[in-house]
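Asker: Residue strings, one per chain:
2 protein chains.
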Amino acid sequence: MKLKDIGEFGFIDRIGEGCLVRRRDVVQAIGDDAAAFRTPDGEVTLLTADMLVERVHFLLNKTTGFQLGYKALAVNLSDIAAMGGAAREAFVSIAVPEDCPLEFLDDLYEGMRALAEKYDVNILGGDTTGSRADLVINISVTGSIPEDQILLRSGARPGDSIFVTGCLGDSKAGLHLILNDIEADSPELQALITAHNLPEPHLREGRFLARADGVHAAIDVSDGLSSDLGHILKRSGVGARIYEERLPITDPLKHFCERFGFNSAEYAVSGGEDYVLLGTVSSDRSKETARQFLSRFKRPLFLIGEITESKGMVMARLNGQEETIRPSSWEHF
Amino acid sequence: MKLKDIGEFGFIDRIGEGCLVRRRDVVQAIGDDAAAFRTPDGEVTLLTADMLVERVHFLLNKTTGFQLGYKALAVNLSDIAAMGGAAREAFVSIAVPEDCPLEFLDDLYEGMRALAEKYDVNILGGDTTGSRADLVINISVTGSIPEDQILLRSGARPGDSIFVTGCLGDSKAGLHLILNDIEADSPELQALITAHNLPEPHLREGRFLARADGVHAAIDVSDGLSSDLGHILKRSGVGARIYEERLPITDPLKHFCERFGFNSAEYAVSGGEDYVLLGTVSSDRSKETARQFLSRFKRPLFLIGEITESKGMVMARLNGQEETIRPSSWEHF
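Those sequence lines, one after another, are chains A and B. Position 173 of the first sequence, counted from 1, bears residue number 173 in the numbering used here, the numbering being contiguous throughout. Position 171 of the second sequence, counted from 1, bears residue number 171 in the numbering used here, the numbering being contiguous throughout.
Chain A extracted, bound-state conformation:
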């Protein structure tokens, strides 16, 4: 079945089913000119938007609808997480080529709903339209946070410890496997592909960090550690030193790099789409924050370096030498 068989309004009826997971505070969901929802008093509303374009961000023969829907929402939730906020309402705009099977679209919304339910997010509205060439998805997500808790890129201070909330580089390795049609012949390789296709937004970690004392800045790792740390440094007017030995790298990535002849530290530094949080915490609070993080999430908060007064980004290599690293920007143009 094709989209044109059920029409725009048929499609809206179809996707509207099951999109509300939290009816409290919803004044109007899909079906009017705009959605309406109350925001808690005294909280700041956050809003983020990400657009995914076929042949730029994804290839239809390399993803399932479920994975695409899941990931399209995950990258938005990750932006809310990076501000320390709680995600609340999602709005999905989609431009659909005429020959796109309806089953793919159902699967896509299923992927979004699966993730939305997990984080108590409503899919509350959006737009659907045709496209002459590529499938395009734009998702906007609102979040809320008390104003004094917001984590900005601009808050890093010299002396701060630099942390990440998870391992780096797995997604880039998964992408390599997918793009080169390498069969995932082990649970380890499958884990790398999952890291790329179904990233977990660190919303709970973001709320934890926003509430913790001494956390000064955060961003999510979407373009790669060096690129995203570069944003914090530029905004905060500071520099950074990273220690190669402290870069958190999973066993699957180590084994992948050994097998295919890559450098795992380079994957960790330049790999994009990790969707872990990267931030800074004052040095006198870093150990206690890491201890509480471990106790709460049963995973470590990795302290990988420190903020410096002198501008620029350097990495202390395993051999003791210091090396300048540059943001490996994930350029879309």
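Do not rely on the hints blindly, as some may be mistaken.
Since copy identity is lost for identical chains, a pair holds within one copy or between any two.
Stated by the list, open to error - Derived SDA-like pairs (lysine to any residue); straight-line CA-CA distance at most 20 Å:
1. Lys234 - Ala29
2. Lys118 - Gln67
3. Lys298 - Arg211
4. Lys4 - His176
Hints listed in this document are in silico derivations from the structure and should not be mistaken for laboratory results.
Start from chain A and add chain B according to the hints.
Answerer: For chain B alone, coordinates are given in the frame of chain A:
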């Protein structure tokens, strides 16, 4: 100059300039993972999203960047107007083909900013990315409104008068001129083209109606009177009778129809993209509401028919006969 010459971040810096017209309540604008803004206590936040796709909604050789940007924002502001809300913050996602001239994009943002300033709306964030084929723009706009004032499609009641806040069909006539490369050789034809390219969102009219006693339902005329009235009827579980003699038709449209052999009533009923508001008001309040509207806006509120208990939509023709009319849905697929 092409977008790739300045890069994604260069483009973001470029468009960020001048996007804030109201700094009050802005916690974070373009430049972080999400925008952050306060909403007034006790108000409901509205959010609408519209996606415009090249070769589906517009042709690059038939529009200027300014017109495209202006209209992309206008259709969103019109959605907020249709709920009775005040527009507050806009978020622009854009997918740009590699060969799109930077001047076109600058012009596009100039069009958005011109309209945003007029209605005190911030352009507060969004996403920019590449596209392999078509230019795609998605705009999300938030609005605010006290909850007891929201105008929904579902509020129409039998006996209500049906109103529109402006004339109908001009935009469809303008589109005919544009698509058929007919030279606008008079101010009247130019007015029709302007109605299509630079529609005025009826935000102030929407706020007026939301505050007025007895106004029960509203929608904006984007797909055409018959289609959009159909939405109100379906949502409210009622029917409608429209009077042909009361359809508001401009002199330019009358002269256009005479010259090119069209029926102006048909243009008024089936023409889309008028972006006036269509709604219902209780019959005992309709005359007073129209009087106050005229006094406030120096233009009439047109009372074009009434809501009926019996389902369906009929038009009383000039010859006294009643004729069933069907929603001429503007199908995108």
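Asker: Confirm or reject each hint.
Answerer: Verification of the hints:
1. With identical chains, the CA atoms of lysine 234 and alanine 29 are at most 20 Å apart between copies only, with a shortest distance of 16 Å across copies and 40 Å within one.
2. Taking the shortest alpha-carbon separations for lysine 118 and glutamine 67, only the intra-copy value of 15 Å comes in at or below 20 Å, while the best inter-copy value is 41 Å.
3. Within a single copy, lysine 298 and arginine 211 get their C-alpha atoms as close as 18 Å, which meets the 20 Å cut-off; across copies the closest is 53 Å, which misses it.
4. For a Cα distance limit of 20 Å, the shortest separation of lysine 4 from histidine 176 qualifies neither inside one copy, at 36 Å, nor across copies, at 25 Å.
Hint 4 from the list above is the single one not met by this structure.
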